[in-house]
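Combine the two chains into a complex, taking the hints into account.
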Amino acid sequence: MKILAPLNGVDETEMLLANGAEELYCGMVPDEWVERYTGAVWLNRRSPVGGNLRTFADLGRVIEQAHRAAVPVFITLNAQTYTAGQLPLVVELARRYVGEAGADALIISDPGLLMALAEENLSCALHLSSIAATLNSSAIEFFRSLGVRRVILPRSLTLPEIARIVTTAGPQMEIETFILNDGCIFEEGNCLTTHHHSVGAFCTNLVKMSSETVKLSGNPWREGEEEAAAKLLDDFRRRIGVLTNSACSEQGAGAVLPGPCGLCAIPFFERIGVASLKIVGREASAMRKLMSLRLVRSVVARQRAGASESEVQEHAQSIRLAPARCVPGEMCYYEWEENPSATERPAKNPELTTISESRPASMPGD
Amino acid sequence: MEWAVHVRNPVLADRWDDLLADPLRFCEPHLKEFHSPAAGFFRQAARQSPPRRACVGNEFCESLLPSLDSFSVLCEKLWNKQLEISFLTPPATDEGLDALRVLFAWLARQGRAVEVVFNDWGVLQLVHAEFPGLCLVRGRLLNKTMRDPRVVPLYNAPNAPAGIRASMQPAGLDTPFLRSLISRYGVATVEMDLLPNSADMDFHELPFQVACYVPCGFVTSGRHCMISSLHIEGSQRFRPGVPCRQECREYSTTHTFSASALSTDGTRFFQRGNTFFYYLEEKALQGFLQGAAERGVARLIYEPGLPM
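So the protein lines, in turn, are chains R and L. Its first residue numbered 1, the first sequence is counted upward by one per residue in my numbering. Its first residue numbered 1, the second sequence is counted upward by one per residue in my numbering.
Keep in mind the hints are simulated off the structure, nothing from the lab. Ideal Cβ positions, reconstructed from N, Cα and C, are used throughout, including at glycine. The reader is advised that the hints may include incorrect statements.
Cβ pair distances, simulated, as ranges [as the list claims (entries may be wrong)]:
id	chain 1	residue 1	chain 2	residue 2	range
1	L	69	R	170	29 to 37 Å
2	R	220	L	286	34 to 42 Å
3	R	167	L	188	29 to 37 Å
4	R	55	L	156	28 to 36 Å
5	L	165	R	223	47 to 55 Å
6	L	165	R	301	30 to 38 Å
7	R	223	L	81	52 to 60 Å
Non-contacting residues of chain R with respect to chain L, defined by C-beta distances greater than 12 Å in every case (computed) [unchecked claim]:
id	residue
8	160
9	271
10	311
Over 12 Å on every C-beta distance to chain R, these chain L residues come out as not near it, computed from the model [unchecked claim]:
id	residue
11	93
12	209
13	290
The following block holds chain L by itself, in its conformation from the complex (with noise of 0.2 Å):
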């Protein structure tokens, strides 16, 4: 199994080191607590075999697709660190797949074995027709379980129906039909978030290498992103598509989900961008980090802070 990072921005490449030795230091204040347990087996993790892969880009949000000046320092930096480079890419209108095509077009010139993350299925048509060279992952946005926090605990517990439980497989991927589909665009690794019922899955039935990010999921996204209307005024807010100004970069928001008789009463989100994240409790990431390993997992993403 081996670890990877995102790079969610260029201090996090040239401050690589540090980010090694000390991964809770680039975390967001309001999170260290979250982050400690999977920054302690990361940093224990990178002294024993230093991480070789890192992934760079956003998957949630169209409005950070970065300049091409950008990006290609960013991965020449990450190059000269030899490490290897996964490429998240997000849901995109044709706006978005015009950036993207600039940004695959200068990958496949660099004749480097560079992954590709799709989550949009329009991304993957791209890819496999103009773009050959470059390997497709699936990312973790089709990985379509529901993982709402405030009843997926209930619906997995031991008690719960039968067919409850049966519901909450992993998206898909146990059936052939979603196997074949994306087998057939040469796609062998999957993305997934890290699910409240992950310790116990078995990831070796899976005929493709499984990455799971730790210690953050996402619950909900989309294109009425908050935080990006904090300098837009009246009924223009929250609408698709408003210029961005990466307020999203600066805030955070978190929701208290309260005033149920439920056992997930208190359950927190986080709300960045355009994005609501949620963590496993330490007890359930514990098991899962331990046991990552046997269970089949490839890769382990950690994630410096929330993937903004």
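Bound conformation, chain R alone (with noise of 0.2 Å):
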């Protein structure tokens, strides 16, 4: 199981390589593609000055320095989809990513541009973004179809869904995970809205705006119904704080890191046959990176020594720093600590998974 640390900068390279990372992935956004679509318009899920390489000699000098040390580096093309127009460009850029900078895989999510590269005969890997949105094995066979050989799941995925999915994909499909950084409170593949600065992300703007909640039957309150919905509403947006507010874009205060994790699930993601950890934020500072890949190297560590699991968790716990947060779970990705060897979730109650039967009392036009 290897660590994939992201980068933006050629500088960033050698300490990423010094400090423990196996594999690397980083973006790279050409002026020519900012002159004809700006910078509204993203190449890669990321902002072209913000997490991004500008230049095919800055890539190149990166994959020439992790290449020295027997490191691959993979590229992001992970917009959900191009248009027709974006396309032969973006082709081109996978051509030179690959031909002329010696990129190892390509990142992408749009089955349309996995189609168009398929006719490239790229002499790459391909990686299924975790914009695509894979959240069932038949999918992942839909992806081999096209040519794909390692898949990142959402961190959407609950531990026993991934165990599933790495058990019917097998050993011929390399399964990535998430493990540090940044999340989000929706599906990345289903939200089609922007990060652009000029309104920000919708989830943290959403945490501004004046929100009211409605019963739709018409009914009258409850007796303390409004305050619980009001705080639901509250602790929602404080959710949202802990995954992307105090995540990729701070830095930290001394040696702690904010933002959301997966480090307690590394055992279990060792023992299930997870190939990949990946750690988040192309665009976060040097320093932050590097903390993170400290932070993932010394689980990784512990875990290869051949510590136990509940000794891995631990440890993971110990470093994190942030007991008041971690404890309690406020910060995982995964729910490792309800029963992380199951494969099986807890039944739920069929009376309340059918759209017939469980509705309101009464409801617009009764």
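In structure tokens:
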């Protein structure tokens, strides 16, 4: 199980390699893209300026350094979709990432782009971005047929769900999971909003919107019901804050690294056969990247040294230095403490999973 | 051009005639102003030619998958009304696919022409491999055109940079690659949300039949459902897969984009269950509805309320 680290500058490469990165990923947005589409249309889910290399020369230097250390480099081309007008340039960039700069894999989410690249016979692997929102084994078969050899699973999957996917996908399909930094209250692949700075990410913007909850039946609120709904909204906003506002964009104070993580799930991922652990944050500062990598490396090292699962988890929490959020599980991507070895979720109440019987006592039109 | 109706619960099937006569009656009270224009178009169209298709199910949330009993009862009711059925399916985990497989098997056994609307490539793969008799339709969640109402009106404005305007095209369907891919699976119809620039699009150019939902579209969705955590405390709130009591059937939250200098300040978002929805301005909606047939829309799907 490899440690995959992000970068957005040539000068970060040596630091990441020296501190345990076993795979690297980055984006590269040339001036040509920005001239055509401006900074508002993102080539790869990150701002051209904030989260990307900007020249092929820099990309080549990153890959050369990494290859000297026998570390592969993966390049993001993971917009949810590309238009017909964009696609020729995107395919040309893919050719150059691989042929000119030597990228080892491309990270893709648009099935149309996967189809286009199939005709190119590029000498690189194709990884499926989490933006493709691959939630099940059948989707993995679909993308396998398009040439994908690694799938990055969304953070919204639970550990039992991930285990079932890994088992069903088999050893010929590598599975990559998120392990540190940033999160999304929505499914990234089904969130069709912008993160552009002119308005900010929809989720973080949501925290500032004025909001009102209503009862659809039109019935009056029961005692305490309205207050419970208001508290729920407050908690939801707070959860968004934990997932996003305190994540990649913030440095952290001293040794404390804010933001969510899945460090306690590392033993579980090792046991089920996950291929790679993804640290989020192409746009983060070099210091934050270093802190993130050291955290993950420390936990993985403990795992590789043969510590038990509980010992690895205790170690993870001890070096996280955020017990107030860590212990109750507020920062967790995954509910590791519930039943991490299970492969079945508790059965839902069948009476509640129907479209018919449980509608409100009165509804519009009744 | 045909009209279809999203029959989001059995009440709408039981009261089908009332729904056609007075569609606004079945809308959430606080949303009537947004549904009124489309309801008027729909009612008029239904008088001239009653809809022959009902969409059932929900394409946003796996927790709302029906039991086989309730699903079969609903389908029988609709078939008894001589209606054809489109089954809307959500993004699904493997557990969700297990549940869907039961429903697909039952549908396949009925020997009727049924559409399965897939919003997950895994559902496409499953139906294609195991239930070839079911007709696949690409759902609106796989139309990845950015539609954030906070910025899209600005991106579509005549004075916006050409590169930005060009990026607002319908989600990859303008490329031969995606067309080829979904054609390979026998997909002949694609569903779309009504986008701010939909009134300017000519759907004749697409090699698919286009079905559009009116009057609301979705902005974002996911597995971290706010309202399903109403009965849960502490850090277990807002986790994927929490036991669902379908609180989305009883509550909805409206959010207003504010404190911005942009002309889109005041835009409202409607959160129901795990999904946020938007409505087009009335003028844009009217323009789209009046020109839909001429622009090549094959089917309009009327949503009596937020589709949860």
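Consistency of the hints with the structure:
1. L:69 - R:170: 29 to 37 Å: holds, 35 Å
2. R:220 - L:286: 34 to 42 Å: Holds - the Cβ-Cβ distance for residue 220 of chain R and residue 286 of chain L, about 35 Å, lies within 34 to 42 Å.
3. R:167 - L:188: 29 to 37 Å: Given about 35 Å between the Cβ atoms, the range holds.
4. R:55 - L:156: 28 to 36 Å: At roughly 32 Å between Cβ atoms, residue 156 of chain L and residue 55 of chain R fall inside 28 to 36 Å, so the hint holds.
5. L:165 - R:223: 47 to 55 Å: holds, 53 Å
6. L:165 - R:301: 30 to 38 Å: Since the Cβ atoms of residue 165 of chain L and residue 301 of chain R sit about 51 Å apart, the hinted range of 30 to 38 Å is violated.
7. R:223 - L:81: 52 to 60 Å: Once the Cβ atoms are compared, 42 Å apart, the range 52 to 60 Å for residue 81 of chain L and residue 223 of chain R is violated.
8. 160: violated, 9 Å
9. 271: At roughly 19 Å from the nearest Cβ of chain L, residue 271 of chain R sits farther out than 12 Å, so the non-interface label holds.
10. 311: holds, 23 Å
11. 93: violated, 5 Å
12. 209: Check passes; 19 Å lies beyond 12 Å.
13. 290: Answer for residue 290 of chain L: holds, closest chain R Cβ roughly 26 Å.
Of the numbered hints given earlier, the model fails hints 6, 7, 8, 11; all others are met.
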